[in-house]
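Undergrad: Residues per chain are reported as follows:
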Amino acid sequence: MTSLSEPELALGAVTAVIAVVALLLALLCRKHVRRGRKMEAALKSSEARVLGMETAAKSAEARVQSAEAGRLGAESRADDAEARAGMFRDEVSHLVSVRLPALALHLISSHHPVPGLLHEDAAEPKDVELLDSVLALVSGIALKERRRVDAAARAALRGASQDSQALSYRLQTELDALQKEFTGSRSLTHKVLTADHLNEQNLRLIQRTAIVCGAWPGHVRKDTYVTEIVTGASSRLRGFERVKINSRLGATDVGIVGRAAEPVAVACTELMANALEHSRDDLAVDVSLVKTGNGSVCITVDDAGKGMTPEAVARGARLISAEQHEVMLTELGDPPSQGFAAIGRLVADHGFHVSIDNPSPYGGVRAVVTIPPNLLTSIDEEAAPPSVMAPLPVMAPRADIRPASAADDAPAADDAAGASRPRTPAPGTAAELPQRRRRVHAAPTGEVTAPTHRAPDPERSRDAWSDFQKGLESGQNGTDLEETQ
Amino acid sequence: MSRDKHQRRLLPAYLATGSGTAALPSTLDTLTALRASGRPLASYHTPVHRRVVELVTDGSLTAVEIAGYLSLPVSVCLMLAEQLVSDGLLNASVPTPDALAPSRAGRPSRQLMEEVLSGLQALRVA
Numbered sequence: 001m002t003s004l005s006e007p008e009l010a011l012g013a014v015t016a017v018i019a020v021v022a023l024l025l026a027l028l029c030r031k032h033v034r035r036g037r038k039m040e041a042a043l044k045s046s047e048a049r050v051l052g053m054e055t056a057a058k059s060a061e062a063r064v065q066s067a068e069a070g071r072l073g074a075e076s077r078a079d080d081a082e083a084r085a086g087m088f089r090d091e092v093s094h095l096v097s098v099r100l101p102a103l104a105l106h107l108i109s110s111h112h113p114v115p116g117l118l119h120e121d122a123a124e125p126k127d128v129e130l131l132d133s134v135l136a137l138v139s140g141i142a143l144k145e146r147r148r149v150d151a152a153a154r155a156a157l158r159g160a161s162q163d164s165q166a167l168s169y170r171l172q173t174e175l176d177a178l179q180k181e182f183t184g185s186r187s188l189t190h191k192v193l194t195a196d197h198l199n200e201q202n203l204r205l206i207q208r209t210a211i212v213c214g215a216w217p218g219h220v221r222k223d224t225y226v227t228e229i230v231t232g233a234s235s236r237l238r239g240f241e242r243v244k245i246n247s248r249l250g251a252t253d254v255g256i257v258g259r260a261a262e263p264v265a266v267a268c269t270e271l272m273a274n275a276l277e278h279s280r281d282d283l284a285v286d287v288s289l290v291k292t293g294n295g296s297v298c299i300t301v302d303d304a305g306k307g308m309t310p311e312a313v314a315r316g317a318r319l320i321s322a323e324q325h326e327v328m329l330t331e332l333g334d335p336p337s338q339g340f341a342a343i344g345r346l347v348a349d350h351g352f353h354v355s356i357d358n359p360s361p362y363g364g365v366r367a368v369v370t371i372p373p374n375l376l377t378s379i380d381e382e383a384a385p386p387s388v389m390a391p392l393p394v395m396a397p398r399a400d401i402r403p404a405s406a407a408d409d410a411p412a413a414d415d416a417a418g419a420s421r422p423r424t425p426a427p428g429t430a431a432e433l434p435q436r437r438r439r440v441h442a443a444p445t446g447e448v449t450a451p452t453h454r455a456p457d458p459e460r461s462r463d464a465w466s467d468f469q470k471g472l473e474s475g476q477n478g479t480d481l482e483e484t485q
Numbered sequence: 001m002s003r004d005k006h007q008r009r010l011l012p013a014y015l016a017t018g019s020g021t022a023a024l025p026s027t028l029d030t031l032t033a034l035r036a037s038g039r040p041l042a043s044y045h046t047p048v049h050r051r052v053v054e055l056v057t058d059g060s061l062t063a064v065e066i067a068g069y070l071s072l073p074v075s076v077c078l079m080l081a082e083q084l085v086s087d088g089l090l091n092a093s094v095p096t097p098d099a100l101a102p103s104r105a106g107r108p109s110r111q112l113m114e115e116v117l118s119g120l121q122a123l124r125v126a
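Top to bottom, those sequences are chains D and V.
Per the UniProt record's numbering, numbering of the first sequence is gapless, rising by one per residue and ending at 485.
Per the UniProt record's numbering, numbering of the second sequence is gapless, rising by one per residue and ending at 126.
This list has only true hints and no planted wrong ones.
A few chain D residues that face chain V, going by a derived Cβ cut-off under 10 Å, partial list only:
hint, residue
1, 175
2, 180
3, 194
4, 219
5, 245
Don't read these hints as lab results, they were simulated from the structure.
Predicted, not measured: the structure shown is a model, and the values here were computed from it.
Where a beta carbon is used, it is the ideal one built from N, C-alpha and C, also for glycine.
Input sequences plus hints: build the corresponding full structure.
TA: Set out below in structure tokens:
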């Protein structure tokens, strides 16, 4: 090996070096490849990270946007709530300053209106309910309290009236006994009668107040003649002479059952009192009693006064209608119209009927008390004759009927005699009851002849028509002249 | 007036006389005989005035009797009678029993004279 030449050695060394370099290069290359790969992976991952960040950024952006929107929404909601709270405040102040005072007035007198909400359309249903419930509550409390106070006032007034009424009845008994037991001087009798009348008027006022306050009339009568009840009713008033009672009941035995007797008397008294009060002192008040076809008895009270205003009639009619059972003193006005209120209570309790909404033929008020058949009875006149102070019945209104032709002459002559007769009953017939006579104006039968058939007369009709035409023309000319003038 | 003592009065007596009338002086006695004069009643007379006049149209009655017939207190009936007498509707006369009324000749009746005679005889016997 020694033989190897130097060039060879050198060549070998170069080869080895090359090999080493190649190796090294190869190694280096591998390292680079590895690093390249690593870098590539890193690159890739970084790319992915960038993507992730991008999406994150996007979602963050969206969040920001939604947050923004939320903020805006919240802001608008806050404004809205503010506005609504303001409106509610307005409504509440409107309630306090306008609606509640109006309600107070409305409770006093129902024709005052209670205004509604300020913003009827914009208000929430719950708010409306709430605000209205305040009104309902306040009016409920006020009404309840009013009823309580009114009931207390009525109870006090009723107690006082009933005590006073009882005393007045005792006084009445004493005065009655005084009249019956003594026949002293006439001036004493006169004074006792005056005292009796004053006491009776007082009794009527007290009894009326007691009835308005819920008391019963004070005593029960037996079955009583209608005429007696009406006459007795008039006796309780000042100026009873002005009350002219005409009984056209036909029968004298018509009575009212005991339980309704005093109530009807009180109602009649009040109606007559109104009639007397609202007509002049020199005018009579006409009271007539009629039995109607359906069996009820009507007591009609007519006055020739000024009449009532429609409002007063409506108010009175409301008070006397049987619908209103409880009468409030606060509703009676000032001065309190107790009469109608008392009648209303009696009507509700006893089932007769009163109407005041008909005008009287004399221009005033016509009040009618209707007593249904179930409150009527017939009284035995032998056992209990009617008082001499009660009016006797005159004839009932009947249609004038032409009598049968055969009996035509004789009654007509009778009637003519009757017409010339004085109004006082002739001696001999005095004790008898008034007899029904045919009306006087039905008597002259000769004047009213039945229409007979006439033969047509052409000249007569021509004359009549020409007269008619002339009259028509002259009438028309007259108006024309007037118009031109 | 009232049919039952226990029932409260409905028709007071002043209805008969009228409340506005002033008191007249007492001229009549409870036994004064009253008779209608035949004059007609005026419109201011009450139905009771009419009944009183009707009662005494056919013959005399005393005030007490009238009160009894009409169920009125005697005091009130006297007042009514005085009103009617002053109005000229009633004639009042001194109370004399019917038997004492003079006959046509202006002398006491035969019946009365006989009764007086029998009374005197009865006295003599005693």
